[in-house]
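**Q** Residue numbers (the working numbering), protein chains in the order written: chain U, 12 to 301; chain P, 5 to 197.
For the record, the hints were derived by calculation from the structure and aren't laboratory data. Ideal Cβ placement from N, Cα and C applies to all residues, glycine included. It is possible that some hints are incorrect.
[Stated by the list, open to error] Subject to a maximum C-alpha distance of 27 Å in a straight line, what follows is the list of computed BS3-like cross-link-like pairs (lysine-lysine):
(1) P:Lys143 - U:Lys296
(2) U:Lys58 - P:Lys143
(3) U:Lys31 - P:Lys143
[As the list claims (entries may be wrong)] Just a few of them, taken from the derived set where beta-carbon distance is under 7 Å, the chain P residues facing chain U:
(4) Arg57
(5) Cys59
(6) Leu95
(7) Asn102
(8) Tyr103
(9) Ser114
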Amino acid sequence: MKGSGAATSPAQEPTLALEKLELRLLLEAIHGSTGIDFRGYSPASLKRRVLARVKAEELPSISALQARALHAPECMQRLIAGITVHYTTLFRDPGFWVAFREKVVPILAGERSLRLWVAGCSSGEEVYSLAIVLAEAGLVERTRIYATDLSENLVEQARAGVFPLRLMKEYTANYLAAGGTRSFSDYYSADHEAAILSAALRRRIVFARHCLATEGSFNEFHAILCRNVTIYFAAALQARVHELLFASLAPAGILALGRAEAMRGLAHEDEFEPLDVRERIFQRKSAATA
Amino acid sequence: MTVPLVVIGASLGGPSAIRTVLAGLPADFPWAIAIVQHWRADHDELLPDALTRGCPLPVAVVFDKEPIQPGHVHLARPDYHLLVEDGHFALSLDAPVNYARPSIDLCFESAAEALGPAVTGIVLTGANDDGARGLARIKALGGRALVQDPSGAECPTMPQAALAATAPDAVLRLAEIAPWLTRAAGPTLRPSP
């Protein structure tokens, strides 16, 4: 919000301004205490997530949450989990996976060995969807998929590959809409309330902690999936991550963004060709055409 | 300078109501408009036409961090929350709020907190109470609130919930909303008090 408008409501203005200050201090505290840097995040959804933690911890203010988080590691862990949690599904946006099968798989099939990166893998839904698609395309044996997230807890969760059994009906529908041709139940075994994904899917995946906000490129990839990850970042951090993704992409490599993410205005916009405009799949121009 | 923003929320019966409001605006309407219509994600390509056929202003579904542009109609993207920050929109995939994503309440609340008195919120027809809390927040932070007259609404539940939550600046029939906005926007870009 604007801090200088004389016409703004006098009763609410101090509360909002104070909240903004408290949020800034909290992010400093998290960074100083854990090294995790949320300072470049998009403020509107970040504030909502933090306020949800204030409420869940039954505290009166963001400042009170800061005090507790600094003195109680388990509160800090809950706070970081609350900020980093992502809401996603297996085969989210089935249309994306149809486009991936039709337009990306034939390009990848030309490579003898493949390195793929799911940047911001959250609890693993995207990376397992990718592994299934590559397995069905006969490419998985020559592929190494790197799945990273800044949250150690989420990386652990992703590595485990266990999802609530009650979601399998929805995921099966997504899988079929995404062009899946087998029986989705072949990919998991049910154990009470849990669906445990087949260990074969995990064999070609490397799970690791990596922070897009602070760390650099660690390899060169034939394709990078970073869908609905940078929408939580403010513009400056988005530009940084875009730079990082570009630097991590082989010539003619594929970059997949979320449906709501524009390439427009980003530094390397002109160095990509769209492969699928609606599903936000881009191909980096090869050295010859760039 | 802050671009004044009109945020419109609608659910059941919304498309026809929104078309009526937009069609009544002049082609040089100076404020930005953001529309949150509950809509199925798997039919998202049908949204722009359904809401804006006959609209004289340029229309687009919002991309993340897109600037708020005067004289443009920005449509919330199905299955994403639409949030307003300082001068631009931000999207999120946070959990649905009261089963809705996009949530009208979230959009209205973030608009109020980012833009204060430069926001005008409008709650139209719908079968739930989304928008009521957000409209109250807009009023509390110095913005203006309009509610569609429930007696003429295809589904009066949402306007009634908004009226129960806050006292709006006006309760209007659909055909009266565009003229009200045009008057409020006035001949210049500055909102009149």
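**Q** A separate judgement is required for each hint: does it hold in the structure or not?
**A** Each hint tested on the structure:
no. : hint                : result
1   : P:Lys143 - U:Lys296 : violated (50 Å)
2   : U:Lys58 - P:Lys143  : holds (20 Å)
3   : U:Lys31 - P:Lys143  : holds (20 Å)
4   : Arg57               : violated (21 Å)
5   : Cys59               : violated (22 Å)
6   : Leu95               : holds (5 Å)
7   : Asn102              : violated (14 Å)
8   : Tyr103              : violated (14 Å)
9   : Ser114              : holds (5 Å)
Hint compliance for this structure: hints 1, 4, 5, 7, 8 are not met, and every other hint is.
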